[in-house]
Amino acid sequence: MTDIATPPATSPLVEGRTGQWEVVIGLEVHAQVSSQAKLFSGASATFGAGPNEHVSLVDAAMPGMLPVINRFCVEQAVKTGLGLNAEINLFSVFDRKNYFYADLPQGYQISQFKQPIVGEGSITITLADGTTRDIGIERLHLEQDAGKSMHDQHPTKSYIDLNRSGVALMEIVSRPDMHSAEEAAAYVTKLRSILRFLGTCDGNMEQGSMRADCNVSVRRPGAELGTRTETKNLNSIRFIAQAINSEVARQIEVIEDGGTIHQETRLFDTSTGQTRPMRSKEDAHDYRYFPDPDLLPLELDAAWVEHLRQNLPELPDALRQRLTDEFGLSAYDAALISEDRQTAAWYEAAAAGRDAKLVANWMAVELFGALNRMGLDLADSPVTPDQLGQLVDRISDGTISGRIAKDVFAFMLESGDDPDQVIEAKGFKQVSDTGAIEAMIDTVMAENTDKVDEYRGGKDKLFGFFVGQVMKASKGQANPGVVNDLLRQKLDG
Amino acid sequence: MSDILSMTAVAARQALDNKTISAVELTEAYIKAADDTADNNAYVLRTSDKAMEMAKASDKRLAKGEAGLLEGIPVGVKDMFCTKGVETTASSAILKGFVPPYESTVTENLWQDGAVMLGKINCDEFAMGSANETSAFGAVTNPWTASEGPLQGKALTPGGSSGGSAAAMAARSTLLAPGTDTGGSIRQPAAFCGLVGMKPTYGRCSRRGIVAFASSLDQAGPITRDVADCALMMTSMSSYDSGDSTSIDAPLPDLMDAFATAKNKGIKGMRIGIPDEYTVDGMPDQIASLWDTGRKWLEDAGAVCVPVSLPHTQYALPAYYIIAPAEASSNLARYDGVRYGQRVDGASLDDMYAKTRGAGFGDEVKRRILIGTYVLSAGYYDAYYIKAQKVRRLIQNDFTNVFADVDALLTPSTPSAAFALGDESKDPLSMFLNDVFTVPANLAGIPAISVPAGLSSDGLPLGLQLIAPSLREDTLIKGAAILESAAGFDHVASGAAS
Chain A
1 MTDIATPPAT SPLVEGRTGQ WEVVIGLEVH AQVSSQAKLF SGASATFGAG PNEHVSLVDA
61 AMPGMLPVIN RFCVEQAVKT GLGLNAEINL FSVFDRKNYF YADLPQGYQI SQFKQPIVGE
121 GSITITLADG TTRDIGIERL HLEQDAGKSM HDQHPTKSYI DLNRSGVALM EIVSRPDMHS
181 AEEAAAYVTK LRSILRFLGT CDGNMEQGSM RADCNVSVRR PGAELGTRTE TKNLNSIRFI
241 AQAINSEVAR QIEVIEDGGT IHQETRLFDT STGQTRPMRS KEDAHDYRYF PDPDLLPLEL
301 DAAWVEHLRQ NLPELPDALR QRLTDEFGLS AYDAALISED RQTAAWYEAA AAGRDAKLVA
361 NWMAVELFGA LNRMGLDLAD SPVTPDQLGQ LVDRISDGTI SGRIAKDVFA FMLESGDDPD
421 QVIEAKGFKQ VSDTGAIEAM IDTVMAENTD KVDEYRGGKD KLFGFFVGQV MKASKGQANP
481 GVVNDLLRQK LDG
Chain V
1 MSDILSMTAV AARQALDNKT ISAVELTEAY IKAADDTADN NAYVLRTSDK AMEMAKASDK
61 RLAKGEAGLL EGIPVGVKDM FCTKGVETTA SSAILKGFVP PYESTVTENL WQDGAVMLGK
121 INCDEFAMGS ANETSAFGAV TNPWTASEGP LQGKALTPGG SSGGSAAAMA ARSTLLAPGT
181 DTGGSIRQPA AFCGLVGMKP TYGRCSRRGI VAFASSLDQA GPITRDVADC ALMMTSMSSY
241 DSGDSTSIDA PLPDLMDAFA TAKNKGIKGM RIGIPDEYTV DGMPDQIASL WDTGRKWLED
301 AGAVCVPVSL PHTQYALPAY YIIAPAEASS NLARYDGVRY GQRVDGASLD DMYAKTRGAG
361 FGDEVKRRIL IGTYVLSAGY YDAYYIKAQK VRRLIQNDFT NVFADVDALL TPSTPSAAFA
421 LGDESKDPLS MFLNDVFTVP ANLAGIPAIS VPAGLSSDGL PLGLQLIAPS LREDTLIKGA
481 AILESAAGFD HVASGAAS
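Each protein sequence line maps, in turn, to chains A and V. The first sequence lines up with residues 1 to 493 when you count with the working numbering. The second sequence lines up with residues 1 to 498 when you count with the working numbering.
No wet-lab data here; the hints were simulated from the structure. Each residue gets a CB set at the ideal place from its N, CA and C atoms; glycine is no exception. Hints should not be assumed to be uniformly reliable.
[As the list claims (entries may be wrong)] Using 27 Å as the maximum straight-line C-alpha spacing, the simulated DSSO-like pairs for lysine-lysine come out as follows:
#1 V:Lys263 <-> V:Lys296
#2 V:Lys154 <-> V:Lys32
#3 V:Lys50 <-> V:Lys19
#4 V:Lys387 <-> A:Lys114
#5 V:Lys154 <-> A:Lys97
#6 A:Lys97 <-> V:Lys355
#7 V:Lys387 <-> V:Lys366
#8 A:Lys490 <-> A:Lys459
#9 V:Lys387 <-> A:Lys97
#10 A:Lys406 <-> A:Lys475
#11 V:Lys355 <-> V:Lys96
#12 V:Lys84 <-> V:Lys96
#13 A:Lys97 <-> V:Lys390
#14 A:Lys157 <-> V:Lys96
#15 A:Lys490 <-> A:Lys461
#16 V:Lys390 <-> V:Lys366
#17 A:Lys114 <-> V:Lys390
#18 A:Lys406 <-> A:Lys426
#19 A:Lys157 <-> V:Lys355
#20 V:Lys19 <-> V:Lys84
#21 A:Lys475 <-> A:Lys451
#22 A:Lys472 <-> A:Lys461
#23 V:Lys296 <-> V:Lys355
#24 V:Lys50 <-> V:Lys32
#25 A:Lys459 <-> A:Lys472
#26 A:Lys490 <-> A:Lys451
#27 V:Lys355 <-> A:Lys148
[Claimed, not checked] Partial list, computed: chain V residues near chain A (C-beta under 10 Å):
#28 Val24
#29 Ala212
#30 Gly243
#31 Ser330
#32 Arg339
#33 Thr373
For reference, chain V alone in the conformation it holds in the complex:
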């Protein structure tokens, strides 16, 4: 059994093709793993019967030689993706009982390629959070634990908002996990759980059928065990979709080829920028030194690393925490109790709205709706929203300027390793700071990837981030392949199924 669970998706696909395992065996192993690790609260809904049906269908297609790219690969779906006939709540009480009559484009792509659906996975409510503690289903526990130091013995956060997805991946209760990333929600949990997480170029993966948080920032992407799986899954997830006006109609570079090229030939001549502004106050020494190590790994593979400046970086977080709540306050207006989800009756229409939304939304969601409503209000709009949009443009310009000279940027993924559950949710500001390295890529709409690069002194995973220009996911995959090889990260979480 442990052999099956330790296989990456690429390896499992090979084994399925070679008939050394069947899709049913693989799926059964993951259903059992999810049973065994249920305590981490990663799944909010299990669809084991459906998974078995899908696995049987995969075995038939494998037998007929009609296997798809992800044939028979078990996938746990973040609850932000609408799944036809399967309850979808965005981990919010307000959507309790909502069963979409439609499938998101991204998950449809996965099923079309033969993937098997294990269930729906916990996340921060409406993807608003960095610790997976705002979920109406309760917090998710990180399968990783500190081996020493002050965090030893404490339950840790898997990060957020795709905390359940990262926890399920680290616990090996799913083999692939599609996430969504609005300000770091794929990369930060991937970093906290020793996984690869990519936020593609804005528009690469259709937003159609994904519960919206902040439309101009939301982007789906893969969370995987390794870089090759990331290339594989990204190839399946992305597509041009006429049902999303912001979808990009440009072909995805051949990511599997990019991976193989980097592994075989290195990245000779690739220019990597090291942004000065990503050195932040209070960043642990081990993160600074890991960052420096990462630079050396890339140089060893032939890259040229140069210091660069992104002068408006310090304004990214404040701009993000205006734009994202502004869009969210409008996007979440539809949860009004009129058509679907939960309704609490009231004496009047306004009273029904107040009671429904008061009961249905958690504190963090309410906080962001209030912030967003405030910054869009008459008299404040110019001072906040318009100013934030101007900052956003300056940040985009910063990236455009440096990408005239370099092919990618190397930064830490997060300013710390995973922290204890309950530690930061008391202080929203310090939770917001978690996104300091990840938010700029969302504001600029450019792709970024987090790769596990080492363990902290406490024995917790740390990630390095690569950021590339628009549409250059292939550059990310190449750089990530080098970092992955050099880091040789082969640690497994103590809470992983076996």
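With the rest of the complex left out, here is chain A:
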């Protein structure tokens, strides 16, 4: 890559012993195309079958067996390209990438080298502080996956599982536009969310549906690009961030100690959180790419591409905009809720006709917090969108206070009951009856005549003490607004 990435105005810098360093990161993400069948054969592409149960004659590279392109996989790649605001190449070519390995039956991988199906595009990432940045996409190409070698099943033999052999992958290559682990993580998060909205990849990194290779280099701010290393096959966003941070620290230390960075491929060790060398540039394969003569160039109909463009589902950016505009959410809440379509649908169901910002708050803080603790996905939430909405209604209509609502919510999580049931059964109803509250205030004032005198003598700060005492007397159920008003009348009056 010869392009010099332009650092953003606020490019985060890393402090070394000898001065500041700028980090340059580019990612290659391999995303498995959501498809029933493989890229060039009719065999099933689904996850979880027994070894070698999903292998056709083509996948096993039997003599004379030929690849035939799966139209649906092409459609998925085009939709993804459209979702990445990218140029769709109406003419693209499949090449053979030649190398020998036991789990690569043909002795070559069918990929796209010089003429990919999707060209340049970009996606917008949102960082934790709410700022956004555009990250360039260099290309997206279709290729087939290899099989899997298992070296730990037998003392002297390796076993091969060809279920993945021929499964369609999209390799999505970013520009070297990222400058921190946080940006890289935000990029992968955003990319995954776009793919999920499109339904073109399930984004399940732990199942290997998405994995990333990270190209990392460091340089003095504004200097020429440094030598990069590539850390392969990272299968979680956390590992991506860890690998980048450890690689950045390593590179800075090597250079500051007077050494040089070698262009090489590295592996991330999840147990140590460090990267280690896999192979150097000198050991790199000569892949002898050439157009696959078994396949004709892929020519797309412009009208068909336009049809796909018109029928794209709502994407995260549009949804986020709508959440901000229609529901008045903060950029951060909107980004969080628009991360995947299920979350957004859940939110929209809960927020319909209610205090939408309050619902967003409850969802982002209380619900996600609770699900995290319970180790549950949103889909498995014991509280339904409607129940969360009802709870927010009870806060809005003054039936319960925000604090009590947290207790009610805890019972809802446990039992799955409606908030009204919990409020009724557990007696959480807020006391707004002025007579009852006045009686409590009178008791509190009678028990603390010294404090009443101090307050009336000018010690305003004691007001909070009285509020606390009354709330305590009401076991938290008194309406805090009513308590405030009545207290002020009685103390001041």
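Using the hints, position chain V against chain A.
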């Protein structure tokens, strides 16, 4: 018996329909002929029991009036075609013991039409060769022998790579033979053995289930006794196949009708180009004069022959010997000892690969894998592979240009008659030169046919080639019908069964 063996496929089909012979009788005759001529090493595997079963089934269908186009016709299958349940090796040690669980589309078409499978036939290893001497099963001997001259008494090559198929046809140990043609592998052996051989338009016959040599050049086609049989067999072999992305979805012209039309009405007005560039140094006078005779035969039937120029012809062979090995080096990577065929164990995976491929591939295959790997390597790719592809385009353009003016081209099939076994395998370059007239049609993807046109002064068959534009196999059949009638080639190889 000799009456049965001398029948063409068209005649045999007639006799079967007329019940003057049965499919079982016909098959038995060919099984015996294969026994009698076994010395020529044409067959690598005989499937006589299967043949008898198939012949019995054919007789039943004939009796019920449900006979197919090739009902009861015995066929020997080049070992490049995968045959379900029958060992298929491409004449290579590396595929020894490989029994495909599937049938190639082309052979499936033949069986669907009622043909009877006699066995698998010898060829050059992975179809790489022009003399059938690179086979792991050993060379095949041409049933033809020189009646005089320096080759007299010597065993001759049947040509290659479909050398076994042509030898079996000439020896009359099969009645039809499907071949494959990457640079001349059907037409050159057909010419050397006094047979008709057609390489159809690229994509006419599905490549599915044919062991790949060079994917962009490989094309299956018929080797037959005469032009009518060629039309018949081609009709059965070709089909659109969604399992081959390069298969053509266009109807085949009615070749039997084209044959009958030419026989009845001649080829009045057909324009035939005589390419200047096909006159090569060192070409024997008798081939030049046969070529000229062929021109006169076509003119006598009403054709107009004109000189044409295909200026990039001289670059065809070098381009071919870059593109074909490049594709082969990649296509043959799958023979790694991991899943099927032969494996030689090693200390590591790389060692196992090296030992398996070292032991499994013969010298010619290794030579082409090395050439192909080299021309695709970083730093050489542009200079060799890309340049060869550009040359290929220029050669295609040459043909497009001349076919704007003519309907077909007439050339010799080969620069010589059959040569002695062992003569040319020592010198790969001179063996490569055998393909000089046949390679351009493969590079352009256009159809071509070789027709026996006469005997050399040594008494060996010589062929003339017709080349037509894409999809015009009917033009080839018409021109070939005229050449065949005029030549009146009725010689039979001395090594033929009787």
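Consistency of the hints with the structure:
no.: 1; hint: V:Lys263 <-> V:Lys296; in the structure: holds (17 Å)
no.: 2; hint: V:Lys154 <-> V:Lys32; in the structure: holds (26 Å)
no.: 3; hint: V:Lys50 <-> V:Lys19; in the structure: holds (22 Å)
no.: 4; hint: V:Lys387 <-> A:Lys114; in the structure: holds (17 Å)
no.: 5; hint: V:Lys154 <-> A:Lys97; in the structure: violated (47 Å)
no.: 6; hint: A:Lys97 <-> V:Lys355; in the structure: holds (23 Å)
no.: 7; hint: V:Lys387 <-> V:Lys366; in the structure: holds (23 Å)
no.: 8; hint: A:Lys490 <-> A:Lys459; in the structure: holds (16 Å)
no.: 9; hint: V:Lys387 <-> A:Lys97; in the structure: holds (20 Å)
no.: 10; hint: A:Lys406 <-> A:Lys475; in the structure: holds (15 Å)
no.: 11; hint: V:Lys355 <-> V:Lys96; in the structure: holds (15 Å)
no.: 12; hint: V:Lys84 <-> V:Lys96; in the structure: holds (15 Å)
no.: 13; hint: A:Lys97 <-> V:Lys390; in the structure: holds (21 Å)
no.: 14; hint: A:Lys157 <-> V:Lys96; in the structure: holds (23 Å)
no.: 15; hint: A:Lys490 <-> A:Lys461; in the structure: holds (16 Å)
no.: 16; hint: V:Lys390 <-> V:Lys366; in the structure: holds (26 Å)
no.: 17; hint: A:Lys114 <-> V:Lys390; in the structure: holds (17 Å)
no.: 18; hint: A:Lys406 <-> A:Lys426; in the structure: holds (13 Å)
no.: 19; hint: A:Lys157 <-> V:Lys355; in the structure: holds (17 Å)
no.: 20; hint: V:Lys19 <-> V:Lys84; in the structure: violated (31 Å)
no.: 21; hint: A:Lys475 <-> A:Lys451; in the structure: holds (22 Å)
no.: 22; hint: A:Lys472 <-> A:Lys461; in the structure: holds (18 Å)
no.: 23; hint: V:Lys296 <-> V:Lys355; in the structure: violated (57 Å)
no.: 24; hint: V:Lys50 <-> V:Lys32; in the structure: holds (15 Å)
no.: 25; hint: A:Lys459 <-> A:Lys472; in the structure: holds (21 Å)
no.: 26; hint: A:Lys490 <-> A:Lys451; in the structure: holds (14 Å)
no.: 27; hint: V:Lys355 <-> A:Lys148; in the structure: holds (23 Å)
no.: 28; hint: Val24; in the structure: violated (31 Å)
no.: 29; hint: Ala212; in the structure: holds (6 Å)
no.: 30; hint: Gly243; in the structure: holds (6 Å)
no.: 31; hint: Ser330; in the structure: holds (5 Å)
no.: 32; hint: Arg339; in the structure: holds (6 Å)
no.: 33; hint: Thr373; in the structure: holds (7 Å)
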